[in-house]
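Engineer: Dock chain one against chain two, each of which comes alone in its own frame, and use the hints as you go.
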Amino acid sequence: MTEPTSEILLFQVGARVFAAVVHDAVRIGAVRDVSEDDLVLESALGAPFGRERGIVVASHEGATERTLVVDQVVGVRSVPEADVQPLPAFAAACLVSGAVTGLVMLDEAPLLLVDLPTLVRERSLAAPELTA
Amino acid sequence: MADPKPTDATGADAWYFCLRLLGARYAFEAPLVTEVVRLGPLTRLPAAPAFLPGVFTHRGEVLPVLDIGLLVGHGAVPIRASTRAAIVHCGPWKVAVVTEGVEGLVSIPRRAIEPPPAESSGVAEFLSGVGRDRAGTVAVLDLPRLVETARARAVPAGGPAA
Chain A
1 MTEPTSEILL FQVGARVFAA VVHDAVRIGA VRDVSEDDLV LESALGAPFG
51 RERGIVVASH EGATERTLVV DQVVGVRSVP EADVQPLPAF AAACLVSGAV
101 TGLVMLDEAP LLLVDLPTLV RERSLAAPEL TA
Chain B
133 MADPKPTDAT GADAWYFCLR LLGARYAFEA PLVTEVVRLG PLTRLPAAPA
183 FLPGVFTHRG EVLPVLDIGL LVGHGAVPIR ASTRAAIVHC GPWKVAVVTE
233 GVEGLVSIPR RAIEPPPAES SGVAEFLSGV GRDRAGTVAV LDLPRLVETA
283 RARAVPAGGP AA
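Here the protein sequences line up with chains A and B, keeping their order. At position 36 of the first sequence the residue is numbered 36 (this note's numbering), and the sequence of numbers has no breaks. Just so we're on the same page, this note's numbering is the position in the second sequence counted from 1, plus 132.
To be clear, the hints were calculated from the coordinates, so they are not data collected in a lab. Ideal Cβ placement from N, Cα and C applies to all residues, glycine included. Warning: the hint list may mix true and false statements.
[Claimed, not checked] Selected chain A positions facing chain B (Cβ under 10 Å, derived; list incomplete):
#, residue
1, A44
2, P88
3, C94
4, S97
5, A109
[Stated by the list, open to error] Cβ pair distances, simulated, as ranges:
#, chain 1, residue 1, chain 2, residue 2, range
6, A, V76, B, R170, 51 to 61 Å
7, B, S252, A, V73, 49 to 59 Å
8, B, A156, A, G46, 34 to 44 Å
Same shape as in the complex, but just chain B (with noise of 0.2 Å):
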């Protein structure tokens, strides 16, 4: 994927990577997003949380996939043959973000991008703002957040078992 222009701290355009998840439009910052990919077979792991519902090899390298709908307490995005990824380096962790459907990079003003509302529950609890482009309301994840989270839930306490 080409790298996007550099986000402008002045106030300019942004660029971030939109998808559709949730039944809405999502975005998070361009420069995380490293591939989209057809999401290739999942093999299960045993006794791992729901929202890891397994991992895939792609060119010979073993993903996780992570399902941000299960994450929020909404229902599973629907893995089909025709489903797609992005993956994303967040910190440490790479990971595939299952997708019900992708847009690709847009461009949103910086003052545009609001902050998010006050609710904190579900996917609200991950927001940073809500832009709006051409094509209307984009919500704004923070997704190292999202994910550090995810991983802090999965092992709440004193890591993996010994």
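Extracted from the complex, chain A is given alone in its bound form (with noise of 0.2 Å):
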């Protein structure tokens, strides 16, 4: 019998490589010719390096689409879901940002499982407070 499995998102944001639901992403590609306003270029997860690689998210009711800047995409793999950990509820409690929801063990090693649509909304929650 096979195992239920996820197909997880793995992207570097600075020197850390997280893992995302693949659904979640609409679509990858270069920054250079998204306008300003729909780039994420920091959040909760930290600031990228450069700005060369996005991960493209729709909001949660679809409505809209933002980009994510990242450093790297580093693929997609296949991970049991038995290797997929929600956060402890603790943790959860203490987060200012909703957007990690888990850890996904991979070759042993866990990374951090992230919510994007949550990610980049929060984001856009406190775009306002920053600029004003």
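Structural biologist: Have a look at this one:
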């Protein structure tokens, strides 16, 4: 019997590699043609070293798209669902960001699982305060 | 870990779990502790408060690590390969309290536990009493209050970002 699996997108922001559910990414591409207003340069994950690549993310409602700037898209991996763990309740309650939702064990190394729509939405909500 | 004797409300001995922290002996109600483990490699969380240095996996479960030293404004408890943590249940929260060393269960007569000092800063804020056993003085922590305060201080108003 085949074990249920999840398709995980691996991407790098700064020095760290993160994981996200593949279907949260609409597409991946260069950011040079993307409007500045649609870019998410800095997020709860930190800031990328450069601004070459981006992951286009749709809002939960699918109404808007924003591009999370990343340093590298490492690839897509299929992992057993048993290797995807939710963030412990206490940790989740202590984080200001709700975008980190769990951990993915990949080659016995834990990677943070990120909810991309939540990540870019939080940035959108924070943006007016930053520019005020 | 074997269940300790239940605490006794009549004034007889009560069981506490004793550990070394901030260079002193601290204890909390023994039934809160489920296990003592060697701390595995930590995965740091972005935008986490300092007292939450990360999470680690233990028998397939992801556990958050609580550094009481940083919560109360002291330095961080050093984390080495030999560092041990006490896994505790406080209400809805399950956390691994990082320690400088673990003594284990100690029995202290309830009548020997005195009220905590009036000081309300640092770790004194979370003391429920001060007792003595054969090894000396031990400060008794109100661990559920400490853990709940940590959570509240991490996200003071409105909860995590929507």
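Engineer: So, for every hint listed, does it hold in this structure?
Structural biologist: Now the hints, each set against the structure:
Nearest Cβ of chain B to the Cβ of A:A44: about 5 Å, under the 10 Å cut. The hint holds. A hinted interface residue such as A:P88 counts as satisfied when its beta carbon comes closer than 10 Å to some beta carbon of chain B; here the least separation is about 5 Å, so the hint holds. Of the supplied interface hints, the one on A:C94 holds, with its beta-carbon coming within about 4 Å of a beta-carbon of chain B, less than 10 Å. Interface restraint check for A:S97: the shortest CB-CB distance to chain B comes to about 5 Å, inside 10 Å, so the restraint holds.
About 9 Å separates the beta-carbon of A:A109 from the nearest beta-carbon of chain B, less than 10 Å, and the hint is met. The hint said 51 to 61 Å for the Cβ distance between A:V76 and B:R170, and at roughly 34 Å that hint is violated. A hinted range of 49 to 59 Å for the beta carbons of B:S252 and A:V73 is consistent with their spacing of about 51 Å. In this structure the supplied range 34 to 44 Å holds for B:A156 paired with A:G46, their Cβ-Cβ distance being about 36 Å.
Of the numbered hints stated above, the single one contradicted by the structure is hint 6.
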